[in-house]
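Asks: Sequence:
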Amino acid sequence: MKYSNVSDYLGTHYRLLREDYIHSLRQGIQSFRKQQMSREVRVNHEAKFVTYDCGWDGVDCVMSFPFRRKAVGSESDELKYGALLCISADGFQKSYHFGVVRKCSRKIKGASKVWVRALGTWSERFDFDSKKTYVMVESTTAFFEAYHHVLKALQREEMKTVPFLKYLVHLERHIDPPSYLLGSPDMDRFDFQSVFPELTTHFGTSIIHTLQKWPQLCTRLDAAQWQALEHGLTKELSIIQGPPGTGKTFIGLLIVRLMLANLPLRGSTETENGARREGPILVICKTNHALDQFLEGIKEFEDKLIRIGGRSKSKVLGSRNLKYLRKELRHSIDPILLGARKDISRQKLEIKSEMCALNDLRKSKYLGKEQLREIALEQQMESLFPCGYDHEKSVQDWLEGAFRPLKRSERRNVPADDTCREHRDRFTSQVSQEKGEELVVEGEDKDCIPDPRQMKSPRSSRSEIVMQDFELTVLTQNMANIELAAERAVHPEDDVVEGKGDDHVSCNVECAAGLPSDVHVDNDSDDARGELRGDLQEGAHDNEPQLADFKDIHNVWVLPLWQRRILHDHWMESTNLKIRKQIKGLLQKYEEVCEEVCELEMEIKLTILRKANVVGFTTTGAARDRDLLTSLNSEIIIVEEAAEVLEAEVLACVTSAVKHLVLIGDHMQLRPSTAVYKLSTENRLDLSMFERLVRGGVEHVTLREQRRMRPSFSKLVKSLYPTLKDHESVSQYEHVRGLGSDLWFFDHTAKEQEQTLTSSRVNATEARLVVELTIYLMKQECYSASEITILSMYAAQISEIDKLLKERVAKRFSVKKKSRPRGKMKEQEDGKADRIRSTDGDVLIPQVRSVDGFQGEESDIIILSLVRSNNVRSAEGEGTIGFLRTSNRVCVALTRARKGLYIFGNAALLAARSTLWREMIDGMRADGVLGSELELVCQNHPDTKTVVAKKADFKQVRDGGCSRPCATLLDCAHPCPRLCHPGSHEHVICPRPCPIAREACDHDCALRCHHGDPCPPCPVTVVKTLPTCGHSQLMPCHRDPTVEICRTPCAKVLTCGHKCDLECGSPCTVDCAVPVVRTLDCGHENVMPCSADAGSYGCTWQCGAGLPDCQHRCRGTCGRHRRVPSASAVWPCLPSVMLRPLPSVSREMSKRSQESRGREEGNVCLGKGEGGTKGNLNERTLLELFTNSRQP
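Residue numbers are given in the working numbering: position 456 of the sequence shown equals residue 445, and the series is strictly consecutive.
What the hints contain is simulated information worked out from the structure, not anything from laboratory work. Check the hints yourself; a few may be wrong.
In silico BS3-like pairs for lysine-lysine, Cα to Cα no more than 27 Å straight-line [to be verified]: (1) LYS540 - LYS358; (2) LYS352 - LYS96; (3) LYS102 - LYS570; (4) LYS102 - LYS573; (5) LYS573 - LYS354; (6) LYS888 - LYS714; (7) LYS304 - LYS69; (8) LYS83 - LYS23; (9) LYS740 - LYS792; (10) LYS792 - LYS944; (11) LYS92 - LYS578; (12) LYS102 - LYS121; (13) LYS121 - LYS354; (14) LYS312 - LYS92; (15) LYS121 - LYS341; (16) LYS102 - LYS578; (17) LYS102 - LYS341; (18) LYS302 - LYS23; (19) LYS795 - LYS302; (20) LYS354 - LYS37; (21) LYS102 - LYS120; (22) LYS648 - LYS352; (23) LYS121 - LYS83; (24) LYS96 - LYS69; (25) LYS648 - LYS293; (26) LYS69 - LYS354; (27) LYS567 - LYS121; (28) LYS102 - LYS304; (29) LYS567 - LYS337; (30) LYS704 - LYS888; (31) LYS155 - LYS(-9); (32) LYS37 - LYS83; (33) LYS293 - LYS354; (34) LYS567 - LYS120; (35) LYS358 - LYS96; (36) LYS37 - LYS704; (37) LYS573 - LYS83.
Each pair of labels, with its calculated beta carbon distance range [as the list claims (entries may be wrong)]: (38) THR904 - HIS963: 55 to 61 Å; (39) THR670 - THR40: 43 to 49 Å; (40) THR619 - ASP118: 35 to 41 Å.
Here a beta-carbon is modelled for each residue, glycine too, at the ideal position from N, C-alpha and C.
Sequences are here, hints too, so could you generate the full structure?
Replies: Okay, structure coming up:
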């Protein structure tokens, strides 16, 4: 397909790509406007704008939305980073906003939040209103992040001068050499010694002039691979097609290795002559997995490589990630750049602080003096803030109806008793002057408070009501207090005004009590409150003036409360409008600063990347960092799996500096994925640059010899690759053990099911058969879990198989599961399942992967689940096969296996709906590898075959062999207890009891058979006689009685006449502990141990002797009194202690007295004599304190 010119070429790809991501969103919004459901979009109702958030690279709009419970696993797809949102406040009738999701925080309780980077002009980006309710619509089919940067790159003016346009636009067939190889005879001089040392043996030199005829060399490469290597090094646009197993990735690695060895960077001194390159070699892949695989191959011979992107799962490349190197090499970065980075970061913080301050002002309930200075008249400012009165609550007092503060000059020489009178007179005068009305005062004395019933009707003039209210309040409040009281009677929840408290509420109640007698206030009656409010407002709003009539009044204190609020709201609105303008200006300034930060970050990245020889990107990352690519000036780009990449994505990666582009892929395998199927079928959007150039006849090389699959497998795709040959090594594979055939199509008619929410398909019967076959293969003891892979094209089937497989494996092995965030596995994406591992880290469960995610990989045994099985031209409808009709996916699915391929599906349905499947099924049926039953072959008895057609049939071979008993003699001479099973008996445990007879006793060993290991000591309990004492005692059979300690109670009598209380095997006690009663020298009888000395034993009787200093009795013990000559020195008189607290106990006494609220200043008295009870410190407490303080 040719294009007329460059503009047509770029414009076509731009419009197709834009339609691919916007189509589903457009259709979903149209359905929403018609109130119809659509699977193409997700809708979040009741979204609210919260605030603007200043991120590290720009300003985001924070939107809140209610939590919506979804199907399990679907959370990971909703509102993920990079998704496009369309937001509208009027149901997408006139207004709408576009934005890209930056992050999302979901909460089950409370509102969830999503950060959105708005798109469009400044006025469109910052036109959100927190008072409005928005609807957010998200596309479910197109991931905007993958389109956004590519579309921006296509809009660049420099794209019109992109290299290779004569091939891309006009499809010229002959391709020129790279320009860096031209110019001098030695520019094409390459040394192949590092890759092919045998060149020196054959030709005497390893130097080849690449632009001349290459020698025919017998190496490990076949002829097509040698030709592909020449093509990749000598053509400025190299196109290498590699069918499955032909080694296209291997050739790509050879090309990179030879380029690195022979194309040093300009300015280096590695070689004196020869070609040189500018910038590192760029490696670009569609997926992170493919990029990791290719870079891991490069790292084996090149350490100076950098991987860009945070989604790499490779541990090998962890230390070569740009994010990691950014931290490790921070000391080698130019200090000027780092200093500028800190300065800009400081600017960002200052802008944030300014916006926070403005935001606080915007949220303030009352305006401040500085805010009013910009919008209020000078006379109004003097009225609100008179000289000498600059209280922060002036505006609040004015709005709530408080009296006007006196000026400093007015407060001078005013007696305290006349303050109320003076203020009333001044207020009356100013109202008369402002309004030109005469104030009517009831009663002769103005200082008297008149009876409320003498007031005029509620319909009286405004000035009359003000004066009546003035007379009613002690603090000279005006009419605003009455309105405030009335409103708070209607809205009792507003009674307590911030900063006023209960006193303020009581004042309002007093004002309400002073209303005319015909107005009744009932706090429990809504009707009464409404009547009160209506009467007051009706009287106050007769001939109500507009804002323009009083907004310029000088003395704002004469305004009634409702006009004050209107005026304040006007001021507040004007202030908020200015604040919003200021905030928007700061937001714009913040984004400008963020752009400077991004530029500095790019310079820092460049300093690191320029030291690398190889830099790896994904296509999305390369388009995002287009400016970085331009600054690198790389001349060589290698695109791996180029047939999977959209042409626009490749264009976005090619800069004007590129002189050599290598495309490696296979257009017969997976094509680029698109969101809109119609664009693929009618507009050929899924036609990659690789495929278009190959089909357009542009010069390319195709590899022709595969070294992966058995010949029977490659035969299945002969219609796709007519010239594909099999290397001799693939015919030497051993057969799959335990099965009658290395290739089998298991035909069944079990029906599929459709998942309602995801539209994915699952076939539960087929899943169970797949799991049983997998477990059977693992029981063959010759295939590890890493050698078996299960593939399917449907995410629901992958989840079902993965769940069943884990359940089965967990029952057989002691496993631990590696945790990772749960999430839905997307169809046709890399859905690598969790790996269950044993305690030593070995993988115990095979991979369960999607077909698309497994492209580029291989496995010894592949089990393919096709899922689709529905009606074939019946009354219920015509059968469909979905993804299975795509030849590219079928090609990938059938070419991943090396030694064994087992397919489960409905053969009749496939043959009816696909020509490709019909040819393959006819061929498999002719070869006898298709049927509704699978033949299992016992490794130990090859003549015994077991046919399985359903899950229950696998029970016949539950140990992996056949239904016969194993009967193999174990090392213990017992037969194996299991059914026939493959493998050794090393881990088989004999269930029979141990047959070994003990020599020392007649007891049998209680353990199971343990051949080779000695029996443990006999644990049987027996009675044995101890030779040392002659007593009999129970003990284990293996114990020696001569060393056993006798546990029989001792029968010996001590010298005191008492029996020994110890065991026979222990020495008799020396100190007898039997209690006896003895009379001491003091004449008292005391209980003491038998071995105690009565002469030194302290008597425990109370002393009771008279103290020498007073007539009170001693409260100490007899033994202590007798040991100390002066008893008063040891035990002072208790009443005297009560009156004079000891220093050591004064703190404790004070603490206890304080807790009991009985503390007095000075001494603590507990009463006279010995029985004082006043307070809570009684004699016992004091005695206890004294005793503790005098303990030695």
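Asks: Kindly indicate which numbered hints from before are broken by the structure, ordering the numbers from low to high.
Replies: Those not satisfied are hints 18, 22, 26, 28, 33, 35 and 36.
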